[in-house]
Amino acid sequence: MNVAPRYLGRGSWLARRDPRVLILALAAYVLAAVQVWDLRLLTPMAVAALLYYRSAQIPWRAVRANWAYIAFFIGFIILVNTVLTGGELRGFKEADLHIYFRLPLLSTPISAEMVTYATVQLLRFGSMAAMGFPIAFAMAPGDIGPTFARLRVPYKFAYAIDLTFRFLPSLATDMQTTMDAQRIRGYEWDRVKGGPVGRLRKLGPLLVPVTINAIVGAEDTIDAMDLRGFGTGRRTWLRQLAYGRVDLLLLGAYVLLLLVITALSLTGHTRLWVPDVLIPRPG
Amino acid sequence: MWDVSSRTIVYAAIGAALYGVTAQFQIALPGTANVSLRPSFALVTFFGVAFGPIVGLFVGLVGNAIADQISGWGLLTSWNWSLANGLAGFIAGWWAMSMMQGQNKLVNAAVASAIGVVIGFLFVFTDIWLGTAENFGVAMSDNYIPVVVGDLIVAVILTPILVAAWEPIRESMGR
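If you read the protein sequences in the order shown, they are chains D and E.
In this text, residue positions in the first sequence follow the numbering used here: the first is 1, and each later residue adds one.
In this text, residue positions in the second sequence follow the numbering used here: the first is 1001, and each later residue adds one.
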């Protein structure tokens, strides 16, 4: 069980940026991408996201399982949206569709509009994931707390986020230890019988000790924080963050992207656009 | 209930980290296309009920974001789902601490969790605006109903179990 943050992009161009840039760039990109259905806009955005991802130098072998999960999830989103809507997407009615053929049994039309829609969703979520990866793999785990604090998140909340990442490895170890201990007693969660609800109820011997032990064990951390006067005054952070010129340029580019896309969206220029090449010719 | 002390912060962080660690456990419901039981969700409602709405909000919001990050989906890609999880924990905690004082704690935990799930996950309808769900029908049948059914089952069964284990320890610790 490997849930601890992995700093795979250490030393890369993106890892050398102020970590606030990684959070803000992602937020700007996500807010921009959700407004765009036009492939002519989304394609360059996705290319920019890919270049951004490449600059983090995250080894493919280390994250291919994550990408497989993303591919599955995007496929699922596309499938349910296209099948459940009967092919009527983004305001297109069936009479407006350029239909290739119909699915047997469901009779859902497979159309140029549906193919475009699927491509947009693929690019949108794929690029959003690419923008998100560097936060997981190219940001120093120790920078997480100061980053959120310097983004004006209340310092107690920022410290809680920092603490969450610090607890992850030890709690994962506790979980593994508990699983092993229960296995010795003959309890194996993945072999428990009794249907889904029965299996859920029988998860108690695993979930209860890990949770209660973690809460009881937290007393030491709470005492340590209280003894150091946590919460009695404004907290400062040892790690100082400062934007460099490149950081500001990168951030400015993403903010500009968000502003331009929002303006285009408000004026109706980001709607689903179907490339001519996908429209079937009569005869 | 609204005090943010070192205790609040540490419990919130532990809950969120536990959510991330246990997110690997999923139980598929036979006969359904996309409904699965996520036992980790019970931690959101449990921490809300046991330690208050602020802790519940944090465990749902940050825990779900971290679980998404660990899987590779990304910290903010489904930010509205993280917020929905947080709202469920917040409402469960608020309901348990303000509306159901003095009643049977296990029943209280189950009812507060159910209310938190049903109301908190209404936020996933924002998927219509974000384009993840094409229309209200898709958002209802593909997002809201599956998550509410799955999380209701989990929360109503596991939250009272966790509360039953925690209460005697809480009393012995004098909390």
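Hints listed in this document are in silico derivations from the structure and should not be mistaken for laboratory results.
There could be a bad hint or two in this list.
To list a few chain D residues with every Cβ distance to chain E over 12 angstroms, as calculated [as the list claims (entries may be wrong)]:
no., residue
1, A4
2, R6
3, V47
4, G217
Stretches of chain D that chain E covers, calculated by requiring three or more beta carbons in the stretch to come under 8 angstroms of a beta carbon on chain E [to be verified]:
no., region
5, 131-144
6, 263-272
Computed from a predicted model, the values in this text were never measured in an experiment.
We put the beta carbon where it would ideally sit given N, CA and C, even for glycine.
Going down the list of hints, with the structure as the test:
Consistency note on A4/D: stated as away from chain E, yet its beta-carbon is not over 12 angstroms from all of that chain's, at 9 angstroms minimum. The Cβ of R6/D does not lie farther than 12 angstroms from every Cβ of chain E; its closest approach is about 10 angstroms, which violates its non-interface assignment. The claim that V47/D lies off the interface holds: its Cβ sits roughly 18 angstroms from the closest Cβ of chain E, which is beyond the 12 angstroms cut-off. Distance check on G217/D: its Cβ comes as close as 9 angstroms (rounded) to a Cβ of chain E, failing to clear the 12 angstroms threshold; non-interface status is violated.
Residues of the region 131-144 of chain D lying with their CB closer than 8 angstroms to a CB of chain E number 5, which satisfies the three-residue condition for coverage. Counting residues of the region 263-272 of chain D whose C-beta lies closer than 8 angstroms to any C-beta of chain E gives 0; at least three are required, and the coverage claim is violated.
Checked against the numbered hints given earlier, this structure breaks hints 1, 2, 4, 6; the rest are met.
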